[in-house]
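Student: Heads up: the protein sequence lines correspond to chains A and B, in order. One point on numbering: in this note's numbering, the residue at position 56 of the first sequence is 56, and numbering is uninterrupted. One point on numbering: in this note's numbering, the residue at position 65 of the second sequence is 65, and numbering is uninterrupted.
Some hints here could point you the wrong way.
Stated by the list, open to error - Computed from the model, here is a short list of chain B residues facing chain A with C-beta under 10 Å:
| hint | residue |
| --- | --- |
| 1 | Glu19 |
| 2 | Asp20 |
| 3 | Ser24 |
| 4 | Ile42 |
| 5 | Lys53 |
| 6 | Asn54 |
| 7 | Ser71 |
| 8 | Ile74 |
As the list claims (entries may be wrong) - Straight-line distance between alpha carbons at most 35 Å, and here's what the computed DSBU-like set of lysine-lysine pairs gives:
| hint | chain 1 | residue 1 | chain 2 | residue 2 |
| --- | --- | --- | --- | --- |
| 9 | B | Lys27 | A | Lys45 |
| 10 | B | Lys27 | A | Lys110 |
| 11 | B | Lys9 | A | Lys58 |
| 12 | A | Lys190 | A | Lys45 |
| 13 | A | Lys35 | A | Lys45 |
| 14 | A | Lys110 | B | Lys60 |
| 15 | A | Lys40 | B | Lys60 |
No wet-lab data here; the hints were simulated from the structure. Positions of the beta carbon are idealized from the N, C-alpha and C atoms, including for glycine.
Now for the letters of each chain:
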Amino acid sequence: MDNNSIYINSFSQISVQEPLSENWTTNPIIYQNEKLVKIKDPDYKEYYPANIIRRNGKVLRRAMLVSQTALKNSELTQVDGVFTGSGLGCVENTEAFLQQIVYEGEEFLKPTYFMQSTHNTISSVIGIALNCKGYNSTYCHKGISFESALLDAYLQIKSGKINSGFVCGFDEMSNTYFSILERAGYLGGKSIGFAGESSAGCIISNKLTNNSLCKISSVRIGYTQKPEEIEKLLNQALYDSNLTINNIDLVMTGINGNPENDEAYTKNLEYLNIRCAKLGFAQLFGESYSGSVYGVYGSALCLKKSQVITPLKIDNKTSEKIENILIYRHFRNKDHAFIILQKC
Amino acid sequence: MENLIEELKKEIIETLNLEDINPSDIKEDEPLFGEGLGLDSIDALELIVLMEKNYGIKLKDASEGKAVFGSIKIMADYIEKNRTK
């Protein structure tokens, strides 16, 4: 075992696919005409008593179950930190709270909406669910929220501050917020893909276990519109991983059916000379600010299974071996993130 | 008084998001906190807002609330005597 390596020990998801299951890898639910698809929630009564369910809003129930399931599957009993990426936090409660202010004034506001309307409520609830009294932080950086959370956890483990962490992405997509994004031309409208929600997370640590899915060899984030700067970022990620671009077997992208978004991927991948088979997560899980958590999840599963998970494919190229996967996410072609996962 | 008790039960179920509980499940003399419905301190805050919003009653201190929220019957009785709307 390489003592300086960081592993993804387990993953758990609740999504627009069958929740808490890997059935989507062989039998995915296909969404063709929908513009907005909400998560398929499991019956939380099977997992929690009624008072816990009613005390926590939708995204918080998801956070509790996903985090506890991931920990259970990880062969670890405790994590040292919680790292949450969320572009919108508990946006449904935030909206309800603001609507109350608008329509009923500030005098009779519901305490529950107030308490559950902050972005970092999700991470706090996860801390309680995992009995983790250590580091707890939330990153709200729109399309690179999850990557930012992962970078923090990665660096803290790498520098020896902690040994393990739960890293996750959670976002609700309310009808109101979707309509704003649609009007702005980011989702819906002429886009082929659909908007979704995100609720997934992984346990990462410096401990290799039988359940470990893969190794994380680099996480790099940058803000730039210059192609040469993007290339520099990629080269840093490759250097961290002791790889060249020719060693990359698959690239997981955030191609989501929005013409402007996808065109930037095409141009940047061409410039970066990335010609291997492309994968995508948005055609299965939908687009949301922290939706790339499903990209990391899908890539990690490909490495664990040593095969391309067919529903993730977005072109006809093949790959002889699956040992190194590059995950490239850009947000409006300004924020760029590269993650490299390797077989362990 | 009977009508007020029924009205209160429905309002409490809605405000506190008491899924799977019907008005008939809430016994008039049963404690609302601890045993009975098993409400907690956040529910108490919700009930204080409910009293003020729907009946114009402003509870000034927490100890007053503890007595007022003893049961649905006590709560209805207090509202009947102190309501301003």
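Student: Each hint should be assessed against the structure and marked as holding or not.
Tutor: Verification of the hints:
With a least beta-carbon distance of about 6 Å to chain A, the hint placing Glu19/B at the interface is held under the 10 Å criterion. Because the beta carbon of Asp20/B sits about 6 Å from the nearest beta carbon in chain A, less than 10 Å, this interface hint is met. Evaluation of the Ser24/B hint against chain A yields a violated restraint, the C-beta minimum of about 17 Å exceeding 10 Å. Evaluation of the Ile42/B hint against chain A yields a held restraint, the C-beta minimum of about 6 Å falling below 10 Å.
Because the closest C-beta pair between Lys53/B and chain A is about 4 Å apart, less than 10 Å, the hint holds. The restraint placing Asn54/B at the interface with chain A holds, with a minimum CB-CB distance near 9 Å, inside the 10 Å limit. Using the Cβ-Cβ criterion of 10 Å, the hint placing Ser71/B at the interface with chain A is not satisfied: the shortest such distance is roughly 19 Å. The closest approach between the C-beta of Ile74/B and any C-beta of chain A is roughly 22 Å, which is over the 10 Å cut-off, so the hint fails.
For the suggested pair Lys27/B and Lys45/A, the alpha carbons sit about 24 Å apart, so the restraint of at most 35 Å is met. At roughly 25 Å between alpha-carbon atoms, Lys27/B and Lys110/A fall within 35 Å of each other, so this suggested pair holds. Straight-line distance between C-alpha atoms of Lys9/B and Lys58/A comes to about 24 Å, which keeps the hinted pair within the 35 Å bound. In summary, the hint linking Lys190/A to Lys45/A is not supported, as the alpha carbons are separated by about 39 Å, beyond the 35 Å threshold.
Simply put, Lys35/A and Lys45/A have alpha-carbon atoms about 30 Å apart, close enough for the 35 Å limit, and the pair holds. Restraint check for Lys110/A and Lys60/B: the C-alpha separation of about 18 Å stays at or below 35 Å, so the hint holds. For a cut-off of 35 Å, the pair hint linking Lys40/A to Lys60/B is broken: about 44 Å separates their Cα positions.
Checked against the numbered hints listed earlier, the structure breaks hints 3, 7, 8, 12, 15; every other hint is satisfied.
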